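The listed protein sequences correspond, in order, to chains F and B. Residue numbers for the first sequence follow this note's numbering, so the first one is 1 and each next one is one higher. Residue numbers for the second sequence follow this note's numbering, so the first one is 1 and each next one is one higher.
If you are wondering where the hints come from, they were derived from the structure by calculation, not from laboratory data. Being a predicted model, the structure only gives us computed values, none of them experimental. Glycine included, each C-beta is placed from N, C-alpha and C at the ideal position. One thing to keep in mind: the hints can contain errors.
[Unchecked claim] Okay, the calculated bits of chain B under chain F, using three or more residues with CB under 8 Å as the criterion:
1) 53 to 66
2) 160 to 170
3) 175 to 182
4) 204 to 212
5) 363 to 373
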Amino acid sequence: MAVMNIIQAVNSALRGEMRRDDRIVVLGEDVGKFGGVFRATDGLYKEFGQDRVIDTPLAEGGIIGAAIGMALYGLRPVPEIQFADFIYPAFDQIVNELAKFRYRSGGQYTAPMVIRTPYGGGIRGGHYHSQSPEAYFIHTPGLKVVVPSNPYDAKGLLTSAIRGDDPVIFMEPKRVYRAARGEVPEEPFEVPLGKAHVAREGKHVTLLAYGAMLHTALEAARIAHDKGIEAEVIDLRTLLPLDIDLIVSSVQKTGRAVIVHEAPRTCGFGAELSALIGEKCFLYLEAPVHRVTGFDTPFPYTLEHEYLPDANRILTAVDKALNF
Amino acid sequence: VSSGAAGPEGEQIMAENAIETAAELGRIRKDDLVPDLVQVLREDGTLRSRVEPKIPPADLKRLYGLMVLCRQLDHRMMNLQRQGRIGFYMTATGEEAAIVGSVYALEPTDWILPCYREYAAALYRGYPLRDFICQLLGNAEDITKGRQMPIHIAVRALNFGSVSSPVGTQIPQAMGIAWAAKLRGDPTVALAYFGDGATSQGDFHVAANFAGVYKAPVIFLCRNNGWAISTPASVQTAAETFAQKAVAYGIEGVRVDGNDLLAVYEVTKRAAERARAGLGATLIEAVTYRRGAHSSSDDPSVYRDEAEPRAWEEKDPMVRLRRYLERKKLWSDRDEERALQEAQREVHKALEEAEAIPPPPPASLFDDVFADLPPHLVEQRQELLDAIKSKGR
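Start from the sequences, fold in the hints, and give me the full structure.
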């Protein structure tokens, strides 16, 4: 097995699927000859040509609007939005059109596609290269939302997303694009959507995280372990549909939950997780559910590490949960 | 004139009086951009163009008959809306030629992405009237399963898209369909219908731009009917025509009398031929007029002079086509009477059948959100079914 980083894993998934199915086309800004600003589509233009790896005009709404048409026609587009922060011009096409085609046509039309987009902070990108807009899309019926944290899942989840028949927002944690490395099979394989993963077992508290924050949660769990606290860390992987059963069984076991994400707190995905845990684990809870999140401010430039959750803030929440 | 020098691209630039002359030379002359209005039939039904479009007589009669049906349908459905039997309605009165003439110019395999006044294009392709009325009622036999407001139809089997209320969203989608067909090597054209108001949306501009860049076989058919709800076309653009917007995107722009079915047919046919020949997209501005209200929810007497729609009655697209047919001895008063009666009978029968059909079953609310029902929707569906069971407890 090869050792890959997340970019290489994404590239490997795209390549494998494009070889398997000639309906798959990649389109976006700078994805062709240049291979993408993060190199995720590197070499695809050379292998598959300009009709399948397409440089587009600089218009996100046009990329998604056109990709919807391609999908209606029977292609399997995998558009890239260069940064999740730039996805908003396409918001109407995504939430009102893409997400609704199957439903509003009574199942006559489908628009299967995977919108890949790097998200998240910690790369000195300021407000417009750091955002985590997952909540908007999780809140939109008709979209699946996937956030891998490691190369193996990035390839397996992307492969599943491309093979599925629903529109998927595939958010790639750019902070750990290169830092997260691991063994990944070179041949295609699937990691099913809708299944979370226990990244570390524990019995005292459940940490729920996804994407880049999974690594921060694991770091906190390691430090906690040195203090005799065993934190169970769950990598959600798919935010919608959510693996509610795994979350519930873990929280019922530990009696405590700390949710970690870098998006702002108010109406962030943590609010939904907290509500679900309240509904389904009430009699098992030893402490209130805690949220460690980005603050309810625009994403800052200079103070981004103050903004982003770190192991210290997670450990503070763990302490509160244990000493309630 | 001073001696010239080669510019960066090799073209000649002026050395002296550079600012004045360059400003003059570089000015885009508006007159060069404004296309003439294409007209084939005069209002009296005589031919203006030297060449008569070759449409078989049976087809001409069929197209006219469809217009009779649509006019009748609009009249009847609007009344039904007033009686509270359907929730909402939108008419195409006065714009029938722009719709029927353009769909007739396409192949059945070509795609149509509609705005919300083009149900006639679906009927032309064989969408049963009964299905249309089932959609208006949102009943159990509505093929869109009661999911959208009346008029928001979708007919996959006829390559007829899905009506969306947000204005202009279908335009880049049509571009994408056309582009996909081109990439697959299929001789398929996509046509997007939209109104003058939609040209103010970003979606129109990105679609036109993409279409230009990729030479996509797409036709943008703008029904310039003068009004977007209460907003006149003069508030949508400062350009003299909508067709001239094509120039900046490197696509073809045509301006046609939208109340002249033959002219609409001719320009659409030509646009489709260009598209199929690999010459790219065409923006067609069909100049017409929205004689009725925007929808059953507004009253145009509040925002426009009633003399205006009256004046456009004189340019009625059906009257013009009928005069042409009469001159060709293809249509008589008796034909008119028969067509009208048949339309009334058809509408009555379809309505009677459709009104007897119950609403869709409650559990169907959860179908088609995704390909498969995820766990949280299984749970919510049960919640609804339990709630229904416990009603009146």
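Comparing the hints with the structure gives:
no., hint, in the structure
1, 53 to 66, "violated (count 0)"
2, 160 to 170, "holds (count 5)"
3, 175 to 182, "holds (count 7)"
4, 204 to 212, "holds (count 4)"
5, 363 to 373, "holds (count 5)"
The structure does not agree with numbered hint 1 stated previously, though it agrees with all others.
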